[in-house]
Amino acid sequence: MEALAKLEKILGSAKIKTQTEELFVYGYDATAGLKNQMPLAVVFPESTEEVVEIVKWANEYKIPLYPRGSGTNLSGGTIPAAKGVVVELNRLNKILEIDLDNLTATVEPGVIINDLNEAVKPYGLIYPPDPGTVTTATMGGSVAECSGGLRGLKYGVTKHYIMGIEAVIGTGELLKFGGKTVKNVTGYDLPALMVGSEGTLGIITKIIVKLIPAPVAKKSFLAVFNSIDDAGNAIAEIIKNRVIPATLEIMDQTTIRTVEKFKNIGLPVNAQAILLVESDGYPEQVEMEAKIIRQVLEKNRGEVSEAKNDEEREKLWEARRAALPALAQVSPTTVLEDATVPRSQVPAMLKKLKEISEKYNLIIGTFGHAGDGNLHPTILTDETNREEWQRVEKAVEEIFKAALELGGTLSGEHGIGMAKNRFLLWEMGEAGVNLLKRLKLAFDPNNILNPGKMA
Amino acid sequence: MIEIQQEFLKCMRCGNCQAVCPIYKETKMEAEVARGKIQLIKGVTEGVLKPTEYLAEKIATCLTCLACQENCPSGVNYEKILLYGRDYLAKENGLPPVKKAIFKVLRKPRLFNFGLKMASRFQGLAMKKVKGRSGRKLRFGLLEDHENRLLPEFSKETLVEKARSKQTSGKEKLLYFPGCMINNVYVNVGEAVIDVLKHNGAQVVVPEKQSCCGTPARVHGDIESAKSLGRYVIDTYLATDADYVITSCSTCGVTLRQGYVELFTDEPEYLEKAKKLAEKTRDINEYLVEKGFIRPKKLNLKVTYHDPCHLNRKLKVNKQPREILKAVLGGNFREMKKPATCCGGAGSFSLTHYPLSKAIGRKKALDIIETGAEVVATSCPGCMLQLNDALAKQGSNIRVFHVAELLAEGYKEK
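Chains U and X, in that order, are what the protein sequence lines are. Per our numbering, residue 1 is the first one in the first sequence, and the count goes up by one each step. Per our numbering, residue 1001 is the first one in the second sequence, and the count goes up by one each step.
Hints in this document: simulated from the structure, not taken from any laboratory. Since this is a predicted model, take the numbers as computed values, not measurements. Here a beta-carbon is modelled for each residue, glycine too, at the ideal position from N, C-alpha and C. One or more of the hints may lead you astray.
[Stated by the list, open to error] Covered by chain X, according to a simulated footprint, are these stretches of chain U (three or more residues, beta-carbon under 8 Å):
hint, region
1, 66-77
2, 142-151
3, 315-328
4, 422-429
[Said to hold, decoys possible] Result set (SDA-like, lysine to any residue): computed pairs, CA atoms no more than 20 Å apart in a straight line:
hint, chain 1, residue 1, chain 2, residue 2
5, X, Lys-1028, U, Gly-27
6, X, Lys-1025, U, Asn-434
7, X, Lys-1338, U, Pro-122
8, X, Lys-1363, U, Asn-93
[To be verified] Derived, one-sided and incomplete: chain X residues facing chain U with beta-carbon distance under 10 Å:
hint, residue
9, Gln-1006
10, Leu-1009
11, Val-1048
12, Asn-1071
13, Cys-1072
14, Pro-1073
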């Protein structure tokens, strides 16, 4: 193919792969139940200039590009939907600067999130967004998908830490949005527009992030509830009492039982729900918050245990960390959703999920970030069982309808990608979707970048 | 087949294997991390992909260090899938002629031992000694990077030959399985193992009939050769009434303890024998700690420990060597940052994929140097070889010893 030969000439043969065996493994990401799609080629740019060249090339031949980091996303965001070229950015992986005066870091998109955290740790700093894949996922992917994580409630998510972005937009132009200043109102908030754009507006080549001081003290609680309502009220009441924990996680009975079956850590299998609450900050503040947290949990009939040291805290967290792995081991296919509701509606959503699970006769384990309303109903199924898979698809539909009815959203942290395209109209309406399309064309007039996603 | 399909389905494709794969850290290629290989093997067995040489090469690019398996949230048995894939491809494609020839010789223990003996006689023609390090360098370019590459030095006398004059008596009867590397190259490790066991009051016998344990053949998909060697080892080592079989090579240990049981699932007679052998087999570190070893005099030496992948991840032997080292060194034992990361040796991987193996070894060497240790101890001759080469490349004087050698040294101290 003439176009590919030209691309090889631009990049050199070491940075392009076209063998079937190499292409095959870029046809998927971490999303369950989507069809594999092999690209025409995979390219591995090693500089911003090369990214510019690739986008210009794509415009010349009208061949779509699919930017990709570690391929850990759960929305089909990096699957090459139409025959095109995957742009693998993991070789652009330098931490360019840690600026201690401005508390920022400048990184290339291929830097692993955890590697950034390791690099700033010696300075007593953290980069708070911590998706479950923090040891694998790249900064670029995390920005493009606007990942969340366990600390969202107090610290916010990726979008709250992005100050500046350098990206090659769909025309091949290299642009800089934002910068190191805390305040910036020049023009539209373009860095914000790039965050969560799922690779449809530009290929990110540099990111300036905000760093914050690491909390010095922590206190963690585990509370066991015999009713979902009690657990839900406890969540709402902690926050009503002006306490914002760093994390406030929930596990439902299905999840508790599954974790216990695989891990044997002594979880109460008859409980309806478990809450895990952690406060962090300065010792005095943590002390004060911990007191209120305990009172609220007990008042709502929670059976509370507190971690007395790091070792005990680790033990408490073991249960939460084991949730997805344990659920994943029950069945061949694990459909992990991220339906999100205002936190006051968490009990209502949990009830709805239980109804859906019964209606479609499916096992749904629910855990997640209760404090920010971001739940992970996880359907345990087998995608090769066609009849069951149809029920799964219906259940998923109903889960998102329910979330929207409760004033929530289709996605708290996974994005729309290919997986939730069909629901987009429900949340945004026709005018909303049309605006997305016009915005897309302003950045990418030839529809080169990640077509078929979020559209 | 159904069993392996279940295993394929378990993979959520979450990509967590990327975080711990030493090869992926170097190449960043999806086809070279567990998630990718699982999809490739699935693809070829389902007929979606062709069993090309290129595909076989991708499946070969693995250290089998099993870090991915340890880190897998869904509990995928990656090793099972990988070995299935290699076996499948070897049957479809046939093995490369060189490997075929090597395994053919391996299958005949007497011929193999004769070959190694000859190697020890004539190695001087091709390899020169290296001052101050154990190992030799090639005089001319048979292998990539030959001027800089430290290769094993074959011993003039094998361990079996040396052990003949070392007949011991004691209350517990132990059969020692040295494996190819210790019998022919690191004979001093074998002698240290015997000394240590003797010091602890055991009778040690090294059977004359030695052979390769078969793992190199098995991991390359030559199951028949592996089985043939397995039967030979099993028969040799069950022929006596020994209380235990002792291994001091990580890979041989895993083979005797687990590998043969997996290998002979379809041969009831040998499966039974394999189980018996497995029950009797102990890694030297494991045996000493289980029995309560005699405390040595302390050595004044700063030492760090490298965990051999198979010993650590498959036999879960990682506390025992540290307990022994702390007994020999007291406060002079120091951990490196990531002691359980693969050194990149991985048996023949270091021969077939030298540039990659070297890059992984370099990281290990830097970790070791950072500890300020004078010695790195480990429990696998394969790792010793790689560590020696990797450290030499960094111009380091840090010496490499087997744990048993340091303990033997501790027993000699007055």
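Per the coverage rule (Cβ-Cβ under 8 Å, at least three residues), is the region 142-151 of chain U covered by chain X?
With 0 residues in contact (Cβ-Cβ under 8 Å with chain X), the coverage given for the region 142-151 of chain U is violated.
Does Asn-1071/X pass the interface hint, meaning its C-beta sits closer than 10 Å to a C-beta of chain U?
Holds, because the Cβ-Cβ distance from Asn-1071/X to chain U comes to roughly 9 Å (cut-off 10 Å).
Go through the hint on Pro-1073/X and say holds or violated, using the shortest Cβ distance to chain U against 10 Å.
holds (3 Å)
According to a criterion of three or more residues whose C-beta lies within less than 8 Å of a C-beta of chain X, is the region 66-77 of chain U covered?
holds (count 3)
CA of Lys-1338/X to CA of Pro-122/U, is that 20 Å or under?
This hinted pair holds, its Cα atoms lying about 18 Å apart.
Chain U contact restraint on Gln-1006/X - CB to CB distance below 10 Å:
holds (7 Å)
Hinted contact Leu-1009/X with chain U - closest CB pair below 10 Å:
holds (4 Å)
Interface hint for Cys-1072/X, Cβ within 10 Å of any Cβ on chain U
Holds, because the Cβ-Cβ distance from Cys-1072/X to chain U comes to roughly 8 Å (cut-off 10 Å).
Is the listed coverage of the region 422-429 of chain U by chain X valid when you require three or more residues with a beta carbon under 8 Å from a beta carbon of that chain?
violated (count 0)
Does Gly-27/U lie within 20 Å of Lys-1028/X when you go C-alpha to C-alpha?
Within the cut-off at roughly 16 Å; holds.
Hint consistency between Lys-1363/X and Asn-93/U [alpha-carbon to alpha-carbon, up to 20 Å]:
holds (18 Å)
Taking a Cβ-to-Cβ distance below 8 Å as contact, does the region 315-328 of chain U have at least three residues touching chain X?
Coverage by chain X holds for the region 315-328 of chain U (3 residues, Cβ < 8 Å).
Going through the hint list in order, the structure does not satisfy hints 2, 4 and 6.
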